[in-house]
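Trainee: Fit chain B to the supplied structure of chain A, relying on the hints for placement.
Residue numbers (the numbering used here), protein chains in the order written: chain A, 1 to 88; chain B, 1 to 329.
If you're looking for bench data, these hints aren't it; they were derived computationally from the structure.
Some hints here could point you the wrong way.
[What the hints assert, rightly or not] Stretch-level coverage of chain A by chain B, calculated; a stretch enters the list once three of its residues show a Cβ under 8 Å from a Cβ in chain B:
{"no.": "1", "segment": "41-48"}
{"no.": "2", "segment": "82-88"}
[Unchecked claim] For each label pair, taking beta carbons as the anchor points, the in silico distance ranges come out as:
{"no.": "3", "chain 1": "A", "residue 1": "86", "chain 2": "B", "residue 2": "274", "range": "23 to 33 Å"}
{"no.": "4", "chain 1": "B", "residue 1": "276", "chain 2": "A", "residue 2": "2", "range": "36 to 46 Å"}
{"no.": "5", "chain 1": "B", "residue 1": "256", "chain 2": "A", "residue 2": "12", "range": "55 to 65 Å"}
{"no.": "6", "chain 1": "A", "residue 1": "86", "chain 2": "B", "residue 2": "286", "range": "56 to 66 Å"}
{"no.": "7", "chain 1": "A", "residue 1": "12", "chain 2": "B", "residue 2": "270", "range": "18 to 28 Å"}
{"no.": "8", "chain 1": "A", "residue 1": "32", "chain 2": "B", "residue 2": "69", "range": "54 to 64 Å"}
{"no.": "9", "chain 1": "A", "residue 1": "32", "chain 2": "B", "residue 2": "123", "range": "39 to 49 Å"}
{"no.": "10", "chain 1": "B", "residue 1": "274", "chain 2": "A", "residue 2": "37", "range": "36 to 46 Å"}
{"no.": "11", "chain 1": "A", "residue 1": "88", "chain 2": "B", "residue 2": "34", "range": "23 to 33 Å"}
{"no.": "12", "chain 1": "A", "residue 1": "36", "chain 2": "B", "residue 2": "278", "range": "19 to 29 Å"}
{"no.": "13", "chain 1": "A", "residue 1": "3", "chain 2": "B", "residue 2": "275", "range": "31 to 41 Å"}
Quick caveat, the model's predicted, so the values are computed rather than measured.
Positions of the beta carbon are idealized from the N, C-alpha and C atoms, including for glycine.
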Amino acid sequence: MTTAALENELKQTIIETLELEDVTPEDIDPDEPLFVEGLGLDSIDALELGLALQKRYGITLESDAESSRQHFANLKSLAALVESRREK
Amino acid sequence: MTPANSNPHHWSRIRETGSAAGIRTMVWIRRRLGRLPFQFMLTLVIVYYYIAHGLHRRASHTYLKRLWRYRHGHEPRHLTWLSLRHFRSFGQSLMDKIDAWSGIPPRLHFSNGSHQRFVDAVASGRGGLMFVSHVGNMEICTAMSDMLEDFRATLLMHTHNARQFDAVLARSAHRDNPPEIIEVSEITPSTAMRLGSRIAEGGFVVIAADRVPISDSGRARTLSFLGHPARFPEGPFWLASLLRCPVYTIGCFREKDGYRVDFDPFDDTSELSRHRREAWIADAMQRYVAWLTRQCESTPLQWFNFFPFWLDCDDTHPRESQESERPAA
Numbered sequence: 001m002t003t004a005a006l007e008n009e010l011k012q013t014i015i016e017t018l019e020l021e022d023v024t025p026e027d028i029d030p031d032e033p034l035f036v037e038g039l040g041l042d043s044i045d046a047l048e049l050g051l052a053l054q055k056r057y058g059i060t061l062e063s064d065a066e067s068s069r070q071h072f073a074n075l076k077s078l079a080a081l082v083e084s085r086r087e088k
Numbered sequence: 001m002t003p004a005n006s007n008p009h010h011w012s013r014i015r016e017t018g019s020a021a022g023i024r025t026m027v028w029i030r031r032r033l034g035r036l037p038f039q040f041m042l043t044l045v046i047v048y049y050y051i052a053h054g055l056h057r058r059a060s061h062t063y064l065k066r067l068w069r070y071r072h073g074h075e076p077r078h079l080t081w082l083s084l085r086h087f088r089s090f091g092q093s094l095m096d097k098i099d100a101w102s103g104i105p106p107r108l109h110f111s112n113g114s115h116q117r118f119v120d121a122v123a124s125g126r127g128g129l130m131f132v133s134h135v136g137n138m139e140i141c142t143a144m145s146d147m148l149e150d151f152r153a154t155l156l157m158h159t160h161n162a163r164q165f166d167a168v169l170a171r172s173a174h175r176d177n178p179p180e181i182i183e184v185s186e187i188t189p190s191t192a193m194r195l196g197s198r199i200a201e202g203g204f205v206v207i208a209a210d211r212v213p214i215s216d217s218g219r220a221r222t223l224s225f226l227g228h229p230a231r232f233p234e235g236p237f238w239l240a241s242l243l244r245c246p247v248y249t250i251g252c253f254r255e256k257d258g259y260r261v262d263f264d265p266f267d268d269t270s271e272l273s274r275h276r277r278e279a280w281i282a283d284a285m286q287r288y289v290a291w292l293t294r295q296c297e298s299t300p301l302q303w304f305n306f307f308p309f310w311l312d313c314d315d316t317h318p319r320e321s322q323e324s325e326r327p328a329a
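This is chain A alone, in the form it adopts within the complex:
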């Protein structure tokens, strides 16, 4: 899967998982922060998104708050995480 296709798939996942009714995939800038600024998602959304990625791609992370923050910084970093760690 190309990076662009994966990014699109992730945009859809974010919108569906978090039920962001007013957001279209085009609204999500791959370089913009997903949380607080940008889409304005909060930490519960982050947990939910993490669980959705775990279910869909079989990803697990070592328990480390800092790396968690880096991976979830923006769509680009999230796509990189899925690409390198996906098991399904």
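Mentor: Structure of chain B alone, referenced to chain A:
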């Protein structure tokens, strides 16, 4: 809220009364010299702690008075005697805990129907979340992984608690199939993902929901417990709603000969929709506190929260709590 770093009486700030060396000595006495010398020593130690540790003594008194007033309508008649027995029951539970972790199987029996419910829950392969509390001996529950091969438990523990155990456990843990312990100070997406994958594999996540977290970001709600306002963490309930899985309660209580295990279904969040989540959490927290109350009523002396638990304890100066809609997890 009353964050740990501004409240000197938050449970995480209170040094565990009982150094690693002291606990090891007691374990040695129990194993080498037998039960009677051990019981004698334990009584001496308990009396010493009762006299020397005012904070724990006052916490025990407050709890016992409130429970008795709630249950019987009056305060206990022999408070000192009752409180000493409360302390002793805690000392006993520490020893049992070490035995359980060392691979000495505790004598367990399940209360009515609990065994079948437990076997069914494990056999379903759906895994789940188990709420526990500091009433009874939750570590004993994990010993059940020795009894039922397919039962895999992951304990979510506050880093602080887990550290205290390390010193003792490093020397006494010989178990083949120890439960996995995940130490956290906050629940991050990585923690959630790890827990999600354990449950997907049919495992069980065990979490206590009667202590507010250490980190300032962890949110809590004030609920009435034994007739007085107390803080309860939202985190475990958010986790339960996000993990979308069966939820159970489990308790292990010491009885005359061994431990009684109560295992009950609590709820199932598999189909819980996003917009019903807030309402579910509010309701689930109420039901958890009701369950906790029943546990205290059935085993009054196995309440092992020896710190000012309520907001209106006489010996603390709690700040006005502030309700929050969403925790920072």
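Trainee: Each hint: holds or not?
Mentor: Against the structure, the hints come out as follows:
1. Here the segment 41-48 of chain A counts 6 residues with a CB under 8 Å from a CB of chain B, which clears the bar of 3, and the coverage holds.
2. As drawn, the segment 82-88 of chain A meets chain B at 0 residues by the rule of a beta-carbon pair under 8 Å; below three, the given contact is violated.
3. Against the hinted window of 23 to 33 Å, the Cβ-Cβ separation of residue 86/A and residue 274/B comes to about 25 Å, which satisfies the hint.
4. In this structure, residue 276/B and residue 2/A meet the distance hint of 36 to 46 Å, their C-beta atoms being roughly 38 Å apart.
5. Checking the proposed 55 to 65 Å range against residue 256/B and residue 12/A shows it holds: the Cβ atoms sit about 59 Å from each other.
6. Under the hint 56 to 66 Å, the C-beta atoms of residue 86/A and residue 286/B, about 40 Å apart, miss the expected range.
7. For residue 12/A paired with residue 270/B, a C-beta distance near 22 Å keeps the hint of 18 to 28 Å intact.
8. For the hinted restraint 54 to 64 Å between residue 32/A and residue 69/B, the CB-CB distance of approximately 56 Å keeps it satisfied.
9. In this structure, residue 32/A and residue 123/B meet the distance hint of 39 to 49 Å, their C-beta atoms being roughly 47 Å apart.
10. As the Cβ distance of residue 274/B to residue 37/A is approximately 22 Å, the hint placing it in 36 to 46 Å is violated.
11. Checked against the given bound of 23 to 33 Å, the beta carbons of residue 88/A and residue 34/B, roughly 56 Å apart, lie outside it.
12. Taking 19 to 29 Å as the suggested C-beta distance range, the pair residue 36/A and residue 278/B conforms, at roughly 21 Å.
13. Separated by about 34 Å at the C-beta atoms, residue 3/A and residue 275/B satisfy the suggested range of 31 to 41 Å.
Consistency note: the structure conflicts with the earlier hints numbered 2, 6, 10, 11.
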